[in-house]
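Trainee: Chains as they are written, first to last, in the working numbering: chain B, 1 to 195; chain Y, 1 to 177; chain X, 1 to 229; chain F, 1 to 351; chain R, 1 to 389.
Source of the hints: derived by calculation from the structure; they are not laboratory data.
You may find that some hints are simply not true.
To be verified - Straight-line Cα separation of at most 25 Å, SDA-like style, residue types lysine to any residue; simulated pairs: (1) F/Lys-150 x F/Phe-33; (2) R/Lys-316 x R/Asp-304; (3) Y/Lys-152 x F/Arg-223; (4) R/Lys-312 x R/Glu-340; (5) R/Lys-196 x B/Gly-9; (6) Y/Lys-152 x B/Arg-41.
Stated by the list, open to error - Non-contacting residues of chain F with respect to chain Y, defined by C-beta distances greater than 12 Å in every case (computed): (7) Val-75; (8) Cys-102; (9) Phe-128; (10) Ile-168; (11) Ile-178; (12) Gly-345.
All residues carry an ideal CB built from backbone N, CA and C; glycine is no exception.
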Amino acid sequence: MGAIRDYFGNISSALTTAAKGMRITWRYFKHEPPITIQYPRERVEPPPSYRGLHILQQDKCIDCHLCAKACPVDCIEIEAIHHGRTLEWKQFSIDYKKCIFCEFCIPVCPVDCIHMTSEYELATEDPDGMVEDLLTWTGLRPEDQRAVEAAVNKKKGVAAPATIESAKGAPEPGSAEDKAAKIAAIKARLKKGSA
Amino acid sequence: MGVLNNSLPDIGPVRAVDSAIGWGRKSSIWPMTFGIACCAIEMMAVYAATFDLDRFGAGVPRATPRQSDLIIVPGTVNAKMAVRVKRLYDQMSEPRYVIAMGACVCGGGPYVKWGYNTVKGVHKIIPVDIFVPGCPPRPEALMDGILKLREKVGRNQVFARQAQTAADMDGRYAAAK
Amino acid sequence: MNETDIHSKLAGAVVSGVGALDESAKDPFVVVDPGSLVPAVTFLKNDADCRMEMLNCVTAVEREDCIEVVYHLSSVTHRHSLTLKTRVERPAGGTHESWIPEVPSVAALYASADWHEREQWDLLGVRFTDHPDHRRILLPEEWIGHPLRKDYVYPHEHGGMPLDLDAVPLYERDEATPSEPAAPRPSGTPLVQPPNPNSDRPDAGGVAPADSDGDLRSIKPGSNDGGGH
Amino acid sequence: MTSLIAFFEGLGLEGVLALSAAYALCIASLLGFITVYAMFAIWMERKVAAHIQVRYGPMETGAWHGWAQSVADAVKLLFKEDLIPPEGNKFLFWIAPAVVFCGVFAGFIAIPFAEGMQIVDLHLGVFFIMAIASVEVIGVIMAGWASNSKYSLFGAVREAAQVVSYEIPAATALLVPILVVGSFRLGDFNAFQADHGWLVLYNPFLTVAALIYFISSLAGCKRAPFDLPEAESELVSGFHTEYSGMRFSFFFLEEYASMFVAAALTATLFFGGWNLFPWGGGWEPAPLAPVILISKIFFFIFVQMWLRWTLPRLRVDQVMAMGYKYLVPWAFVCLIGAAWFEYMGWGGLFS
Amino acid sequence: MEALEMYTVDPNDDVYTEELKLNLGPQHPSTHGVLRVELKVDGEIITASRCDIGYLHRCAEKIGENVTYLQFTPYTDRMDYLASMNNNLAWSLTVEKLLGVEAPERAQWIRVIVAELNRIASHLIAFGTYGIDIGANTPFFYAFRERESIMALLERPSGARMLYNYVHPGGVAHDIEDGWLEDVLAFCDEFEMRWKEYNTLLSHNAIFIGRTANIGVIPKDMALDYGLTGPVLRASGVSWDLRRDVPYLAPYDDLEFDVPVGEGTHGTLGDCWDRYWVRMREMMESIRIIRQACPRVPAGPFMDKAMNRMYKTPLKPEPGEAYMRCENPRGELGFYVVAEGGTSPIRCRTRAPSFCNLSVLDALLPGTMIADGVAIIGSLDIVLGEVDR
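Generate coordinates for the entire structure from the input sequences, incorporating the hints supplied.
Mentor: See the structure below:
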């Protein structure tokens, strides 16, 4: 008797559970709108805390190498020549072939000059194109150049040249415009890399 | 078809055929169901409803390498796996594309220094078309990579002689002379 | 029961070669001789008051003078646990190649020990005698060396697959002219040398930010946001 | 068909030539129809799946909802490298997709889309379709064997076992309407249902028989929950694991074409054919008949897709158990019951 | 569908056919990554099997011996990449045990919430991929939809989608923002509704039950013998949950939750369906925990003051060793760390739950069918990153 009950029970349970499942999928088909974010057309911005590509406030950076030491994967390479307090920048690059976006380089910075943006698109055809130089300028800036020359000349006993002009027009380091300009620079570089 | 590849003159009708083929190929990139590590989960997220790779016609993951056009290598490849990755790539039929997904596959990633058995980038094993670094890359970043691959595939010339190829042939011709 | 009770029970049983309980450690442990390991574990598993049904983990630890094998046992019934250790002394000049310590296997007692012991053999080169299936588990069977040893030499390639960062890709190699085999690395060195001497592993204390004060602080005159902290 | 021959004879062609020309035109148009239909069905399947799964499906290929997606797939597959496993049997590997496709293709010639709109009006139409559709199994076994892959072999053997087993309940269930109508000719079913209403409502045994035939046809088309021969999570891709490019697309075409044939049989034999309303008809204007029939066919194809994206897959022994323990006995019960009803003169809800 | 009697193959039988060697993986849709299983099959029936792992061996233990304690945290993310919060937590607790410090109270409550959220996310993947293994593709998409919500939630405090690196020794890396807890509670309400849908669609489906009930039965003794933990052990009828039995975070003592145990509802105790069902019910228990924990998150620091300098000066614990275990979604994750005074440990052993859970596979497969093998692998819910490390 049990076997017969099982037999008919199987038929009824197979049909009813299939029907219930089909009711759910029908509801989804008919009533639930797709939740897809159509990526290149629409995009959801990651939260402000997102750990994306780095930016550097080069004005602030003091070439202390603490971020490079904190990095678990040794992906930061920094090179700068010290002229007293002035820095002649050669390189501040992050190798995104290694970077794991762990954020350990951020809290160690004594001058709070390295940050992570919400940018993340980094696809490229070039195997060497994934090393990003965060510097917005290399070498010395003109006013620093003059200051260094002045210092050198002073040591030599030559009279100082004209007064140093402070850089005008450049956005205040750390301000919102500065950040936006740097993100734009990163984007431009990425486009160049992929083309 | 093989003999005709890149051998016809680079003129309008041939170009039109090429661009039609390129359109077909780029609109129908079937990836292989292939997951290795962490990035595979983000790759699954790309197939899933929120990002839906099928919008680009690429949401038909084929389990067999014969039928797939794209192998996304999502995760660290080590010495034991590298043999298999190479074999899978060899089993795929032309045209085939490779996306290296994640830092490990692009160039070693976090395992570059102390990883005694990891391959430092899958481009040491198989030729890679697009690199998508990140650890793991966001699904959007992978889609960005796939969009770049689509551009690249659409640019490819099938029958028309490529400028570079022609130059090579001229060079060879000159050398033979 | 706590660890002290278990230890006294274990030492009181017929099992010989059971050392004292190190209670100062964070997880108190008992050191037993390799010879009496199997009886001790058998006792702990079968005794009604101990009932260590589960072998959580088998770990080999390479120290200066010895290799330790650590067994973490726990009981679901009584909800207690115990750490058991056994030590094999390092002979003079015992290196990675020359010295394979041997410890009796407990795979007959716990099925979970099977894979754990294989892993320890694979990574640290500890041979577990009487193990039913003594093969490598994670690395390929033909792998040379045991990588978790301190004097392990990193390979350049394995099975034709390049493992170096600067290796030439397989498909770009010229088959006709085989490249010369790379020179073996000195033992214990990592695969990739640090990119520059300054960014070596942070040592004891590291470089405190205070050290980098002074000259480096301000970049240009008139910029007073140099010290952001 | 006869009208076509007459048309070509009218153009001045002799007997055999006219016949050949008519057949060539029929085959060409049928091939075109199957290709276009399969492309549409594949696109539809992807859209149905996507909307069940709260996503969009193809969107970017072609302007409107990715309508050109299947065209792109076809172009790509056409220009993809065709690999033949070196260890396999090259001839069988080469011919298997053609064999698979031919079986289903031949089935199409007997389907009447409207009165006279049929390539060959066979008196044994149902019988012919059932018989010729089984040829596909031979092709699948050839493919599985010639691939020299274990997964392919598993898929082929599963397919053979499954299709052969499910022929029995499917054929038995089809015998029920045949018994009621008293003919194998597909056109007669339409005529009968115009007078008596849809057969599925004719008597309760026919309702059950319709369900049994629909389930068995799922198994015959390798559709979920019976997609064991190509079970992706078990056998990679089953019997076509080693196929690539154009040859692989033949298997794809075959799957969708056989879905069409199965849905057409269901619609014609049980659901009124080109009669719009369940209580019969015959009043529908002739040009509307193919539209009605094809919309019914697409409804059943949609149900097949809907089932596929809802249900899990059965195991191979469960498929066999379901066939032999559940469907076969019930199909015979239906047959005997319908015969009894016919003997007693009962039934016919709308007659 | 009725229960399938286990097949046995007798070589002396008259209709004994030739055995076929079948290689499952490392690239196979249902091996959940790069597991390779060599099978010997007689027709559809598996007669012998041998697991081959190591295709994702990434030298985590060697790295642990060479980087600092803090720097190893992101590497723990990459072990069980489906539950990185829980892995971070286990590692942080290990380092805290070694140092003898304790995280502030606020950090502990945040840890409970993020760990339970990640447990749900991990079980959702198990649910979705199990559906695919069995042949139902749609649940995968529903599971990923809910998982995306969880990831959006966890992204806000941690800043990453998947590998969070959020729980650090001494606390958590960032404080939660205002309104986050309310959003978590709102997610809980939505999830409860969705969970019922999952069950109608898959859990109680007759075909699904037919495919999973009575398959891959692990008796209680066998489970303990193989060192199985987590849902796999609990499905065999052993009520053993470290959150309740060895509370490693103080808030777990105050919270009320049940430990779901397998009951053999549709077949034998400890079969695939039980394992699946334990996971499904655990999701609801996690929701219960989150609901209790959210209103109770106290104000205060989220990171130990003294530990905060570890970002600049590497941690340097006293010589010693610690074994710390936590209840991860897959079972007991243990870290055994031996310190000898340097900035990095001399041994950093990971007792990975998936590693032990997978070891039972070779004992389960013989006698089942190929399709059952797929169901069994799926029901163990392994993560190869953790198996191979």
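Trainee: For a C-alpha distance cap of 25 Å, please report whether F/Lys-150 and F/Phe-33 respect it.
Mentor: Since the Cα atoms of F/Lys-150 and F/Phe-33 sit roughly 35 Å apart, the hinted pair is violated (cutoff 25 Å).
Trainee: If you draw a straight line from the CA of R/Lys-196 to the CA of B/Gly-9, is it 25 Å or shorter?
Mentor: OK: R/Lys-196 and B/Gly-9 at ~23 Å, within 25 Å.
Trainee: Decide, holds or violated, for the assertion that all CB atoms of chain Y are farther than 12 Å from the CB of F/Ile-178.
Mentor: holds, 40 Å
Trainee: Does Y/Lys-152 pair with F/Arg-223 here, judged by a C-alpha cut-off of 25 Å?
Mentor: Not satisfied, since the Cα-Cα distance of roughly 36 Å exceeds 25 Å.
Trainee: F/Cys-102 clear of chain Y by more than 12 Å, beta carbon to beta carbon?
Mentor: holds, 22 Å
Trainee: Does R/Lys-316 pair with R/Asp-304 here, judged by a C-alpha cut-off of 25 Å?
Mentor: Holds. R/Lys-316 to R/Asp-304 sits at ~16 Å (cutoff 25 Å).
Trainee: Just double-check F/Ile-168 for me: nearest Cβ-Cβ distance to chain Y has to come out over 12 Å.
Mentor: holds, 31 Å
Trainee: Would the pair Y/Lys-152 and B/Arg-41 pass a check requiring their Cα atoms to be no farther apart than 25 Å?
Mentor: OK: Y/Lys-152 and B/Arg-41 at ~20 Å, within 25 Å.
Trainee: Please settle this one: F/Gly-345 was flagged as non-interface, so is its CB more than 12 Å from every CB on chain Y?
Mentor: holds, 54 Å
Trainee: Checking one constraint from the list: CA of R/Lys-312 to CA of R/Glu-340, max 25 Å. Satisfied?
Mentor: holds, 21 Å
Trainee: Does F/Val-75 really sit off the interface, with its C-beta more than 12 Å from all C-beta atoms of chain Y?
Mentor: violated, 3 Å
Trainee: Just checking, F/Phe-128 versus chain Y, shortest CB gap more than 12 Å?
Mentor: For F/Phe-128, whose nearest Cβ neighbour in chain Y is about 33 Å away, the distance exceeds 12 Å, so it holds.
Checked against the numbered hints given earlier, the structure breaks hints 1, 3, 7 and satisfies all the rest.
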